[in-house]
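Assembling the complex is the task here: the two chains are given apart, and the hints tell you how they should meet.
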Amino acid sequence: MGIRRVGRAVWDLAVAPGAFVVLSVLWCLDLAVGSILAYRADPRFWMKMDAVPFNVWLREAAPAQWPGSWWVYGLVGLTYLVVASLLLCTLNWLWRRRRGWRGAAEVLVHLGFLLIFAGFVLGSGFGARAQGVRVAVGGEAEVPDTGYRLRVEAVDTVAGPDGRPWDVQTRVSLWRGGEKVAEGDVRTNRPLIAGTTVVYPQGVQTVIRSARIATTRGSVEVAVGAEAEVAQGVTVAVRGALSPGQRWGPYFGPGVLVEVRGGQGGGGRAFLSPGMGPVRAGGLGLRLVDLDLEPNGVYNVHQDPGVWFVMVGAALLTLGTLWAAAVYFARI
Amino acid sequence: MLEFTRMAHYVALGCYALAALLCLAGWRAERLRRAGVGLAALGWVAQVVLLAARWGKVGYLPVTGLFSTLHFLAVWLVGMALYLGWRYRARGLLPGALALGAASLAGASAGSMDLQPLSPALDTPLFLIHVATSFAAYGLFGLAALVGVYRFAGVPGSALGEDRRMLDECLYLGYLLFTWCMVAGSLWAYLAWGSYWTWRIKGLWSTIVWFFYSGVIHVRHRPAWQGWRLNALSVAGFGLVLFTFLGLGLLFETSHPLR
Chain A
2 MGIRRVGRAV WDLAVAPGAF VVLSVLWCLD LAVGSILAYR ADPRFWMKMD
52 AVPFNVWLRE AAPAQWPGSW WVYGLVGLTY LVVASLLLCT LNWLWRRRRG
102 WRGAAEVLVH LGFLLIFAGF VLGSGFGARA QGVRVAVGGE AEVPDTGYRL
152 RVEAVDTVAG PDGRPWDVQT RVSLWRGGEK VAEGDVRTNR PLIAGTTVVY
202 PQGVQTVIRS ARIATTRGSV EVAVGAEAEV AQGVTVAVRG ALSPGQRWGP
252 YFGPGVLVEV RGGQGGGGRA FLSPGMGPVR AGGLGLRLVD LDLEPNGVYN
302 VHQDPGVWFV MVGAALLTLG TLWAAAVYFA RI
Chain B
-9 MLEFTRMAHY VALGCYALAA LLCLAGWRAE RLRRAGVGLA ALGWVAQVVL
41 LAARWGKVGY LPVTGLFSTL HFLAVWLVGM ALYLGWRYRA RGLLPGALAL
91 GAASLAGASA GSMDLQPLSP ALDTPLFLIH VATSFAAYGL FGLAALVGVY
141 RFAGVPGSAL GEDRRMLDEC LYLGYLLFTW CMVAGSLWAY LAWGSYWTWR
191 IKGLWSTIVW FFYSGVIHVR HRPAWQGWRL NALSVAGFGL VLFTFLGLGL
241 LFETSHPLR
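Chains as they are written, first to last, in the numbering used here: chain A, 2 to 333; chain B, -9 to 249.
Okay, chain B solo, but in the shape it has when bound (with noise of 0.2 Å):
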C-alpha cells in the first residue's frame, strides 16, 4: 500500500505541477491548454483512486495527518477548479488552481504516508461530514481568493468574463458547506465530549472563520463592497482559513483530532 500511494502520490503531483506549466504557456495556445487539463484530470483520478484505495483498505475515509488533509484539500481544489473550468470556461484560473492543488501535494510529501489506526474519537459518521464539508469549504474559498488574485491583477479567469460570478459561487457554495461542517462538528464534539461548544483554539479560529464568511455573504452584494474590496475579503479569508488549518497546529498544542 505504502508503494502504491508513493506511487500515486507523485503521480498526481507531477501531472499538477506540468498541467499548471502547459495551462499557463497554453493561455494562447489552445493543444498546450487542452494537454494541460487533459493532465491536471489525470492527476485528479489519481488522487480519486488513491484516496479510494486507502479508504478501502481501513475502512474510513483516511483524512488524519499532514499527508491526508493536504491530499484531500488538493482533490477539492482541483476538482472544483476543472467544474469551473467547464461550467465557465474559467481557463485562466487553472494555472494558478494547479499550483495550488500541486503545492498542497509538496506540503504533504513531508507528512507521513502511513495509515494511522482511527482512534475511537474519531469513529464516527460525523466525521466524514465533517472533514468532508470543511475541505469541500477550504477547495472553495481558496478558489475565492484565486478569484480575487486574478481581478487585482486585471487578469481574466474566465474566458466568458464570468470571474464576479465565479467568485460569487465560491464565497456562497463555500460558506454553505463551511456552516454544514459546523453543524457535524459541533454536534459531534456533544456525542464526544459532552458540549456541542469547547473553548478549544481549533474551534474558536473556525468560528472566526465562520463569523468572516457570515459578514462576506452579507456584502457581497452590497455596491459599496464591489471591486478591490470583495477581492480583499476573499484573500484575507483564505489567510485565515489557512492560519486555522496549517498554523494553529504549527504554533499551538490543539486537542482537535485534525490538527
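Extracted from the complex, chain A is given alone in its bound form (with noise of 0.2 Å):
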C-alpha cells in the first residue's frame, strides 16, 4: 500500500505542469549564463561546436575544455529530464482523455517537440559534419564520414534584380559507389537535398595552382607546394599561396611565398604579387610573370539521419499550434 502510494505521488509529481516549469527555467537559466560565459571564454566557441554533430563534440571537445563546458553537461542532463516529464505529461493524457478531443492541440505541440527532439537525438549521434569541403571545378572529392564522392560540373553567376551579379551558382552532383544519388545547382537557401543529407554551398574560392616566376637565371613554372631548378643547386620553391582577397600578416592575395635555396647568398623568401617589380631574395632577382588560377567550390556537407523526425515534428508543432489558435478564435 505504501509503495503504491509513493508512486502514485511520483506519477503525479512527474506529469504535474509544474515540475516542466520548474524544470524549463532551469534549463533557460543554464543556457543564458552557459552561453554568455562561453562566448566571453572563445567568441568562436560555437562555430566549433557546429563543426561536428553534438555527439562528436561532446564526447572530443567538451572533455577538453571543462570546466568551462559544465553548463552543456548540465543542459544535455536538464534537456533529458524536460522531455521525460513532458512524455509522461503526454502519455497520461493520452490515458485518461481527461479533457476529451479539446486539449489535443496541445497533445499534438507535445508529440511535435518529442519528435524534434528524437531527430536532434539520432541527428547528434549517427549524423556527419563535412565543413569546407574544397572542389575544384570539373573535379571531384570525397566527402569524410559520408561515403560520398561531391562532383562539382559548372559555375555561374546569378544576376540580381537590377541585373548585376548577386549570387554564385553551382552545379553539383553527389557519387557513392560510382553511382550518380543526386544532382542539381546549388546557391544561398537552395541546397542540393538528397535524403538526409544536405549539400550546402560555402561560396566560390578562386585558389592558385601554379606560378610562374622569372629569375635572373632563367624562369620556371612552379606549382603551389612543389619547388622546381632553376639552375645547377639552385631552386625556386613556392611554399604558400593567397588566393585573390585573402590577407596574410601584411601580404594581401593574390600572391605566392617564394623560397630560393642554393643561390649565392645561401637562401632566402620573399612574397610575389601581379604587378609587383623584381625583388631579391638568396642571390635571386625575382618577378611573377604569371599565375594559374583556379575556381573551387566551397561546401558544408552535413547527414543527418534525424532530419525527417524533425521535419514531422516541426509540422505536427504547426498542426497543433493552428489547431489551438482556431480553438482560441471560436471560442470568443
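Some hints here could point you the wrong way.
What the hints assert, rightly or not - Facing chain A, a subset of chain B residues (Cβ under 8 Å, in silico):
1) L72
2) Y73
3) P110
4) D113
5) T169
6) L181
7) G184
8) T188
9) R190
10) I198
11) G205
12) V209
13) R212
Simulated from the structure, these hints should not be mistaken for lab results. Predicted, not measured: the structure shown is a model, and the values here were computed from it. Backbone N, C-alpha and C fix where the C-beta goes; we use that ideal spot for every residue, glycine too.
So, in C-alpha cells, the structure goes:
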C-alpha cells in the first residue's frame, strides 16, 4: 500500500505541469549563463560546436574544455529531464483523456516537440558533418565520414533584379559507389538535398595552382607546395599562396611566398604578387610572370538521419498551434 | 524615398507621442481620449503606408537594420493595442502602449533609413513568415508586460475589467506566433545553412525565450501562479525578449541576419 502511494506521488510529480515549469526555468538559466560565459571565453566557441555532430563534440571537445563546458553537461541532463516530463505528461493525457479531444492541439504540440528531440538525438549520434569541402570546378572530392564523393560540374553567377551579379551558383552531383545519387544547382537558400544529406554552398574561391616566375637565372613554372630547379643547385619553391582577397600578415592575395635555396646568398624568401617589380632573395632577382588560377567550390555537407523526425515534429508543432489558435478564436 | 521615409517616420512618432499624452489626459475626459485614439490610428496608418511603400520600392519586406525592425515592432505593438482597445475597451492600456510605440520609433531614429539590398541569405518566403510572426509575438509580449505592470500598480487597463483576459490573450497568441517564428526560422536555417539547429547566440536566446513562455503558458491557469507571479513572469519575459532582440546585437558579435 505504501509503495503504491509513493509510486502515485512520484507519478503525479512527474506529470505535473509545475515540474515541467521548474525544469524549463532551470534549463533557461543554464543556457543563458553558459552561453554568455562560453562566448566570453572564446567567441569562436559556437563555430567549433557547429562543425561536428553534437555527440562528437560532447565526446571529444567538451572534456578538453572542462570546467568551461559544465553548462553543456547541465543542459544535456536538464533537456532529458524536460523531455521525460513532457513525455510522461503526454502519456498521462493519452491514458486518461481527461479533457476529451479539446486538448488534442496541446498534445500535438507535445508530440511535435518530442519528435524534434528524437530527431536531434538521432542526428547527433549517427550524423556526420564535413565543413569546407573544397572541389575544383570539373573535379571531385571525397566527403569525409559520409561515403559520398562530391563532383562540381559548372559554376555560374546569378543576376539580381538590377542585372548585377547577385550570387554564385554551382552545379553539383553526389556519387556513391560509382553511381550518381543526386544532382542539382546549389546557391544560398537552395542547397542540394538528397535524402538525409544536404550539400550547402559556402561560396566559390579562386585557388592558385601554380606560378610562373622569372629569375635572373631563368624562368620556371612551380606548383604551389612544389619546387623547381632554375640552375645547377639552385631551386625555387612556392611555399604558400594567397588567393584573391586573402590576407596573411602584411601580404595581400593574390600572390605566392617563394623560397630560394642554394643561391649565392645561401637562400632567402620573398612574397611575389602580380604587377610587383623584381625583388631579390637568396642572391636571385625574382618577378612573378603569371598565376594559374582555378575556381573551387566550397561546401558544407551534413548528413542527419534524424532530420525527417524533426520535419514531421515541426509539422505537428505547427498543426497543433494552428489548431489551438482556431479553438481559441472560435471561443471568443 | 528617403524624404518620404523621414516625413512618415516623424509623423508617426509625433502622432504616438501626442496620442499617448492625450490618452493619459483623457483618462477622465472622453473627448481628449477619442482625439488621442484618432491620432494613434493616424500614426499607425502612416507607418503602414511607409512600410508598404518601402516594400513596394525594394520588392521585399524591409525589416533589416535597426530603423526598420524597430518600426516593425511599433506597428505590431500599436496595432495590437488599438485592437485590444476596441475589443476590451482597453482605454487605460493605450497611453502605455503608445509610449512604448513612441519609444520604439525614437530608438529607430538612431538607425539608417536607407534601404539596403537584400542579401541572398534573406531572399526566401520563410524570411517573411519568420520576421512577421516574431515581431507580432514581440508586440503581444510587450503588451502582456504592460498589462502586468498595470496589474502590479493596481491601475485598470480595460474599462470592462478584462485585464486578466487581455494578459492571457497576449501571452497565448504571442506564444503561438513565436512558435511559428521558431519553426520558420529553423526551416530557413536548414535550407540556408544545411542545419535546422545551430549553436549561435541569437538562436540559443530565442530558444530560451520560447522555453520561458512555454513555462508561462503551462502555469497561466494554475491557481498558485495567479496575481503577482503571473504579472512578474510577463514583465520578465518581455525583458528577455528585449535582451534577445536588442541586447545581444549590442553586446555580442552575432551572425544572425537580423542582428
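Does G205/B meet its interface restraint, that is, does its C-beta lie within less than 8 Å of any C-beta in chain A? holds, 4 Å
Was the hint right that P110/B lines chain A, CB cutoff 8 Å? Nearest chain A Cβ about 4 Å off; hint holds.
Quick check on the hint: D113/B CB to chain A CB, less than 8 Å? Constraint on D113/B satisfied, holds at 6 Å.
Regarding the hint that V209/B lies at the interface with chain A, is the smallest CB-CB distance below 8 Å? Holds. Min distance 5 Å.
Residue hint T188/B, partner chain A, criterion CB-CB below 8 Å: holds, 5 Å
Closer than 8 Å between Cβ atoms is the bar; does G184/B clear it against chain A? Give me holds or violated. holds, 4 Å
Identify whether the interface hint at R190/B stands, where standing means a beta carbon of chain A within less than 8 Å of its own. Holds: closest Cβ of chain A sits about 5 Å from R190/B, inside 8 Å.
Would you settle whether the hint for Y73/B is holds or violated, based on the nearest Cβ-Cβ distance to chain A being less than 8 Å? Hint on Y73/B: violated, closest Cβ of chain A at ~12 Å, above 8 Å.
Cut-off 8 Å, beta-carbon criterion: hint that R212/B touches chain A: For R212/B, the interface hint holds, since the closest Cβ of chain A sits about 7 Å away, which is under 8 Å.
For the hint on L181/B, does the least C-beta distance to chain A fall short of 8 Å? L181/B check passes; min Cβ-Cβ to chain A is 5 Å, inside 8 Å.
Was the hint right that L72/B lines chain A, CB cutoff 8 Å? violated, 17 Å
Tell me if T169/B is really an interface residue toward chain A, meaning its C-beta lies closer than 8 Å to one of theirs. This interface hint holds because 5 Å falls under the 8 Å limit.
Hints 1 and 2 from the list above are not met by this structure, while the remaining hints are.
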